[in-house]
Each structure stands twice: as C-alpha cells, then as structure tokens.
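Protein sequences appear in the order of chains A and B. The numbering of the first sequence is this note's numbering, which starts it at 44 and goes up by one. The numbering of the second sequence is this note's numbering, which starts it at 575 and goes up by one.
You may find that some hints are simply not true.
[As the list claims (entries may be wrong)] Chain B is nowhere near these chain A residues, computed Cβ spacing over 10 angstroms in every case: (1) M55; (2) K93; (3) E95.
[What the hints assert, rightly or not] Residues on chain A that point at chain B, a partial pick, calculated with CB under 7 angstroms: (4) A57; (5) N61; (6) A64; (7) I67; (8) G168; (9) L202.
Hints listed in this document are in silico derivations from the structure and should not be mistaken for laboratory results. Here a beta-carbon is modelled for each residue, glycine too, at the ideal position from N, C-alpha and C.
The residues making up each chain are set out below.
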Amino acid sequence: VTEKKPSFRDAMLAAMPNLRAFAISLCGDSHTANDLVQETLLKAWVNQTKFESGTNMKAWLFTILRNTYFSEFRKTRREVQDTDDLHAAKLWTPANQISYLEVADMQRALMQLTADQREALLLVGAEGLSYDEAATIAGCAVGTIKSRVNRARTRLAELISGDALALPLSARNDDAGQPEPK
Amino acid sequence: MATWPQHIKEWGMHIGGKDEPDENKSMKLDTSGPNRESEKRPATDIQDAIGQRLKTMYRHIVHEPVPENLLQLLAELEAREQSK
C-alpha cells in the first residue's frame, strides 16, 4: 500500500500540466481553472481506490474535471463572462513565440463556442486524443464527438475570419487584398 | 466587404504542419465537390491555420510551471494520508 500511493501521486503530478491546460481552455480564465483543478485533484484523491492501476490516469482525471465543470462550474463561468467581458483576456501572460493578441483572440473565440463543442475541440484538436478517447471522457457517442469537433472548427473559422467577434484588444491590420473567407 | 486580419495570413504559414493527427485531417471540410474546390479552399486553409494556432496556444499552457498551490495541495493530501 505504501508503494502504491506515491505512484498515484506521481501519476497525478505527471498529468497536472495537461489537466490545467484543459481546465484553462475550457473555463476561459485561470482563476476558475485553478479552482476546477483543485476540486478535481481532491475528488481523484478521495476516489483513488476506484482508479484501476495501469489504466490511463490522464483520461480519468480529465473525466473528473469535465464532469465537475459541467455540473458545478459552468454556471459560475457564465456569470463571470456576463459581468466582465474582458475576463478571458486575463488568461495568461504572453510567451515568447506567441503574441498576447493571438492568445486573447483564440481564447475569446473558443469561449464563443458552446461548452460541448469547446470540450470536444480541446480534447481532439488540442490534446490530441482519439475520437474514441474523447467520447469516453465526454460520456457520449463517437459520432457526437466528431460532429461537435466539426462544428467547432467551422464556427471558429467563421468567428476568426469574419466580423462575428468584436475584439477590443485587437489592433488588427486588415488587408483588403485578401479573398472573402466564405 | 469582409477582410482578413493580419494574423490569419500569418497562421497560413503554419498550414501543412506534420504534427496534426490523422483523425483530425479527416474532419476538414470536403473540397471535392464539383466546381467548388476553389471556393472552399480558403475556409479549409483557415481551419488548418486555426488548428495549428490552437495547438500552439495549448502547448504553451501545458509547458507553464504548475502553480505552487496545486503542488502543495497534493503534498498535503499525501501527508495527511500518511499520518493516519
């Protein structure tokens, strides 16, 4: 028993960066994501006997996190979004190779998707999971995940290439020489 | 007339990245319809670019250091368990 618990903790530690990235991208702000990850870790720890050793710890934690988000955190997030439109812009500070505006634009566009679409896109398109794995985590059919990913991609393309997003942070240099995106 | 933001053009430079999973490629828009290829191509390119940008953004978050409070939480949980 004493050997199993450190490895359980180590597995949680190893999954933490991805778990946090998923939470931030799903919630749209780092503060809520931090609370969500904390809640996920607590639940996972309390239920560690339910985790089958040798199975995918990351997928297990992702499942706990998304269930917690959809059951407990989603309403809070919506209220925050309504009262502070710039909340998503507080996501994180710019890294070396990616500009703050690009991050803010993408995060803002992600938050325009439905939560289901955002989840599916993040699991498949960002996390790189298979459709089967994503469907297991989301608790739905593989076809549903495929449909959500497809719709999310189409919607993101519409949002980012069109005028559907009003981005006050963005000081874009539009180029009239480019073709219509549709 | 709608125009393309500058960063969309920049994202286009990432089109054709090798790290996109095969299953993702199957979800791109179908451009094989008769006489529609040239019309749909820009939308497909944008989706490719957005996919690359999404991955880049996500990777940056993944590579950030885990906040101290989360590490501390795990340490406390383990210490509490061991003290029982």
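Structure-based check of each hint:
A beta-carbon of chain B comes within 10 angstroms of the beta-carbon of A/M55; the shortest separation is about 6 angstroms. With a closest Cβ-Cβ approach of about 16 angstroms to chain B, A/K93 is found to remain outside the 10 angstroms limit, as its non-interface label requires. Its beta-carbon lying about 19 angstroms from the closest one in chain B, A/E95 satisfies the requirement of being farther than 10 angstroms from that chain. With a least beta-carbon distance of about 10 angstroms to chain B, the hint placing A/A57 at the interface is violated under the 7 angstroms criterion.
At about 6 angstroms, the closest approach between the beta carbon of A/N61 and any beta carbon in chain B falls short of 7 angstroms, and the interface hint on this residue holds. Annotation: interface hint on A/A64 holds; nearest CB of chain B at approximately 4 angstroms, less than 7 angstroms. Look at A/I67: its Cβ gets to within about 6 angstroms of chain B, closer than 7 angstroms, so that hint holds up. Given the 7 angstroms rule on beta carbons, the hint for A/G168 holds: about 6 angstroms separates it from the nearest Cβ of chain B.
The restraint placing A/L202 at the interface with chain B is violated, with a minimum CB-CB distance near 9 angstroms, outside the 7 angstroms limit.
Violated hints, listed in ascending order, are 1, 4 and 9; each of the other numbered hints is respected by the structure.
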